[in-house]
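Given next are the chains, with one letter for each unit.
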Amino acid sequence: MIDVEKIRQDFPIFEQRFKGKPLIYLDNAATSQRPNQVVDAMNKYYQVYNATIHRCVYKLGEEATNAYEEAREKVAKFINANPEEIIFVRNATEAINLVAYSWGRSNIREGDKILLTLMEHHSNIVPWQLLAKEKKAHLEFVDIDDEGLLKIDDFEKFMNEEIKFMGLVHASNVLGTINPVKEMVNYAHKNGALVLVDAAQSVPHMPVDVHEIGCDFLAFSGHKMLGPTGIGVLYGKRELLEKMNPFLGGGDMIREVHLREASWDDLPWKFEAGTSNVAGAIGLGAAVDYLNKIGMKNVREHEKELTKYALDKIVEIKGIRIYGPKDINVRGGVISFNLGDIHPHDLASILDDEGIAIRAGHHCAQPLMERLGVNGTARASFYIYNTEGEVDSLVNSLEKARKVFKL
Amino acid sequence: MSDMYAEMIIDLYRHPMNYGKLENPDIKAKDSNPICGDVIEIQIKLNKGKVKEVKFNGKGCAISQASASLLTEMIKGKKIDELKELDKKDILDALGIEIGPVRLKCALLPLKVLKMGIYSYLGSSTKAEE
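Protein chains in written order, with this note's numbering: chain W, 7 to 413; chain A, 235 to 364.
Chain W extracted, bound-state conformation:
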């Protein structure tokens, strides 16, 4: 088990009081908090060896370049990839857009089918809508069942209809559902489709191994895994990345530039145009170190226990409706719910008064909200620093909300 009290000491944000109450931060699916180790690593870059990377002859530049590339190696190892298959981007959204532009625009043709699921975040829907519109391609969606699990027979039926590409979320940011990505990727490959896995909600919370999953692309963000904002990762299979055109053109991504033509640098730099987010990459590297020290299996185990504890307690609240699977083995640390006829924003306001930060709204998953038949939900999501005591406070505050709204 992990030592939560010790972990909390690394996060100065928890020393603050909000309206006289300790902060109970339960919006980790949106963004995590950051430990001193991450902020310190970034400060050290800015204060001790700040320089641009890849093109400096002087010592500082060499140090900065080494630190940046070391961060890439850490990230690669974290998901069992090769460093040249790790492309630093701004966030998971940019990673998905990169694939939609660079791979999609050369490979998707009129009449092609792209398969998504009803539980995708907008970031894994809108880039494909833009592509489909431009290429006159079709989007199909795998439905979910009443438990919030993907209908696998629905998926297989679509796969037998010549799907060219699939965008698949690993763990849902609303339902918490952990999809059987390994089996689905395997099935997709047998049917000749490539698969991008949106791992924004899985890489921060459980062991993820790209070779085991076998996916062609995988996207995630640094800020949901203790790292800074503005840094994200695209993993892509080398043979695919090599054939793809660049995403953004400019400095640093070239081999040679002439007036009317240019050639590209090797992987992964071909996809990293302009001055990189050096501090961000270094911060993400420090976040990976931090998570490795705890161990991703332990992170998952902690969240599993906490989620089970929370589900057992929340389900007892009168008038509560919880969305997503009951089986904790296929559910991450995300609990979406509604309470009576209280609007999620009103719930979040009442909880805010108790120092509790939860999310309310459509969670950038409006098609899923439509499928669930709700305008929005309230959502609590956990991480390594959350405790059973905090879950108790959440439950007490939800009871208070029932009183305020006379439920």
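Think of the hints as simulated: they come from the structure by calculation, not from any bench.
Idealized CB from N, CA, C, for every residue including glycine.
Incorrect hints may have been included.
As the list claims (entries may be wrong) - Some but not every residue of chain W turned toward chain A, in silico, with C-beta under 8 Å: (1) Ser-112; (2) His-349; (3) His-351; (4) Asp-352; (5) Ile-356; (6) Gly-367; (7) Gly-382.
Assemble the complex: chain W is given as a structure, and chain A must be docked to it using the hints.
Chain A in isolation, oriented as in the chain W frame:
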């Protein structure tokens, strides 16, 4: 806070005033709050330049629903010119609660919709006179 959820607000959430739709309204407008997706539509029937009937419909939080009830109640019998003068303070005074910057958007959504309706009505009636 929990003053934000005064009894009146909860009552208006459960039992809104002027909720519904009008046939052939002279003024109508609809807008949503992109943060939460809440939607409010306001419809007005005029008589000699004054508000004869007004209804609103849509879905939203307690704050936006209470605000819509109070606003529609407030404008009954008023002249269009008077409606143009309504502002943030009128709404907050009617609600009588303290609201932070995030939830202020909920409180002011109905007023925004009303103004949209008035200006598009005035725009089209000016054109008709020309």
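Requested in this report: Classify the hint on Gly-382(W) as holds or violated, based on whether any CB of chain A lies nearer than 8 Å to its CB.
Outcome: holds (6 Å)
Requested in this report: With chain A as the partner, please determine if Asp-352(W) meets the hint condition of a C-beta pair closer than 8 Å.
Outcome: Holds - the Cβ of Asp-352(W) comes within 8 Å of chain A, reaching about 5 Å at its closest.
Query raised in the report: Does the CB of His-349(W) sit less than 8 Å away from some CB of chain A?
Result: holds (4 Å)
Query raised in the report: Hey, does the Ser-112(W) contact hint survive, CB to chain A under 8 Å?
Result: violated (34 Å)
Requested in this report: Double-check Ile-356(W) for me: the hint is only fine if its C-beta lies closer than 8 Å to a C-beta in chain A.
Outcome: holds (7 Å)
Query raised in the report: Taking the least C-beta to C-beta distance, is His-351(W) closer than 8 Å to chain A?
Result: holds (4 Å)
Query raised in the report: Under the criterion of a CB-CB separation shorter than 8 Å, is Gly-367(W) in contact with chain A as hinted?
Result: holds (5 Å)
Of the numbered hints stated above, the single one contradicted by the structure is hint 1.
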